[in-house]
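Using the sequences and the accompanying hints, generate a full structural model.
One-letter residues, chain by chain:
Number of protein chains: 2
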Amino acid sequence: MNKKSYDPSKYEHPSVTVDTVIFTVQDNDLKILLVKRKYWPYKDRWAIPGGFVKMKESLEDAAKRELYEETLVNDVYLEQLHAFGDPRRDPRTRVITIAYYALIKSEDLRIQADSDTKDVRWFSVKKLPKLAFDHDKIVSYALEKLRNRVVYSDTAFQFLPALFTLTELQNIHELVLDRELDKRNFRRKILMLGVVEETEEIRHEGRHRPARLYRFVTSADRV
Amino acid sequence: MNKKSYDPSKYEHPSVTVDTVIFTVQDNDLKILLVKRKYWPYKDRWAIPGGFVKMKESLEDAAKRELYEETLVNDVYLEQLHAFGDPRRDPRTRVITIAYYALIKSEDLRIQADSDTKDVRWFSVKKLPKLAFDHDKIVSYALEKLRNRVVYSDTAFQFLPALFTLTELQNIHELVLDRELDKRNFRRKILMLGVVEETEEIRHEGRHRPARLYRFVTSADRV
DNA sequence: TCAAAAGTGTTGTGTGTACACCCATGT
DNA sequence: ACATGGGTGTACACACAACACTTTTGA
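Just so you know, the protein sequences line up as chains A and B, in that order.
Under the working numbering, the first residue of the first sequence is numbered 1, with each subsequent residue one higher.
Under the working numbering, the first residue of the second sequence is numbered 1, with each subsequent residue one higher.
Everything labelled a hint here was simulated from the structure, so no lab data went into it.
Computed from a predicted model, the values in this text were never measured in an experiment.
Please note that the accuracy of each hint is not assured.
What follows is a list of derived Cβ distance ranges for each label pair [claimed, not checked]:
| no. | chain 1 | residue 1 | chain 2 | residue 2 | range |
| --- | --- | --- | --- | --- | --- |
| 1 | B | Arg92 | A | Leu193 | 40 to 48 Å |
| 2 | B | Arg65 | A | Glu79 | 24 to 32 Å |
| 3 | B | Gln26 | A | Tyr141 | 27 to 35 Å |
A virtual CB, placed ideally from N, CA and C, is assigned to each residue, including glycine.
This is the structure in structure tokens:
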């Protein structure tokens with residue numbers, strides 16, 4: 001059987017889902033959104049949100065749709081991670097999933113997915129429960145990719161508002177990389193890279209020296 | 001509709017294929033294997049080989065099976081690239097493809113896919129014909145990934161026999177990266193990395209100084 | 001003896017890292 | 001005046017890039 005002589009109605013097809021690891025930074029912690037399963041299989045286990053790809057939507061559109069349904073956030077950074085297709089990863093039937101990861105700003109969050117009694121909740125990546133299906137593996141993949149991307153890219157800014165202090169930016173990096181960075185080296189590097197731009201604004205906060213606010217400079221702005 | 005209450009027989013499913021960009025190095029050129037399509041759509045256009053994923057095989061197994069059917073080579077380096085799922089990428093029906101790329105040694109090749117009259121042929125990546133579907137995009141992705149991987153990894157060795165000269169190894173790097181490298185810097189770096197090991201063997205070839213043969217050292221060997 | 005590829009070191013430049021103190025503010 | 005986070009510079013180690021000549025062989 002090959003593509004050249006194929007009648008799509010003739011064969012059984014696998015189901016195709018998208019599953020998304022949704023990251024945010026909240027309370028100085030890197031968190032992902034999990035959903036508690038209500039039915040077999042893996043009833044009562046936590047899982048990353050996902051759903052079926054509709055016949056007329058692209059994979060990315062499917063991921064965006066699910067993301068919106070789950071978080072009510074529209075403006076997200078979304079990137080494809082990997083396709084997981086082990087024939088036995090879902091005991092019900094053959095399900096191939098295209099995994100994505102998304103970064104959302106906690107300021108954009110309108111849902112209160114933080115109560116112990118709800119079936120949707122943010123979990124610190126350091127304290128994850130046992131997950132359904134092969135979702136552990138998907139989350140590990142996502143974390144690894146996020147760590148590889150956060151340096152030298154616009155990734156970290158996805159977690160921050162338009163104006164931010166360099167300390168805030170450094171915090172994001174430290175949370176994602178899970179290690180401390182040297183303040184002077186971090187600032188020098190970020191400024192050398194030219195990905196941020198000083199603004200005139202200054203934020204007063206607490207009884208200490210106020211902080212200069214910076215703006216993210218996209219490669220388009222730099223020209 | 002979500003995964004929790006899903007009857008797989010109830011909905012229409014997309015078709016799922018795997019398509020593989022198969023690289024080899026031949027005649028001092030980086031080449032990929034293309035197949036000429038016999039039927040609509042894109043009749044007579046060249047395409048990367050691929051086929052449907054069977055219900056009980058993993059994505060990687062499907063890629064390996066197709067690869068074997070096409071090249072008769074079993075021992076290949078295979079890596080997942082990206083899933084392409086635009087709803088209109090195939091005019092017949094919804095087809096989601098998981099793209100892989102494979103590296104094979106030209107010495108392993110038993111097919112003679114090199115005649116102009118055959119419908120399977122190796123093409124230099126520098127002189128590719130117009131491709132069917134979105135295969136241009138898939139090939140670009142594959143090339144980019146290959147370039148990113150070739151430095152600091154075991155990628156280049158996949159194109160070489162067990163014993164090779166450092167000049168051969170450098171040639172692979174140059175072909176993949178499409179630029180010349182400095183001989184001294186290349187040799188120093190490779191030797192420093194500890195990924196190759198000198199052997200006692202020496203290859204005489206042509207009327208010039210013979211070359212020392214090296215062996216690839218896997219991370220397992222290094223311990 | 002010559003053509004042809006193998007093999008070999010040094011130096012400058014840039015990048016990553018380690019490290020400690022003063023500054024501006026609110027209370 | 002003091003507690004708190006904001007902000008700054010220097011020195012060393014290491015990786016990368018540029019660069020040219022000698023060695024060994026077969027014909």
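Broken hints, by number:
none
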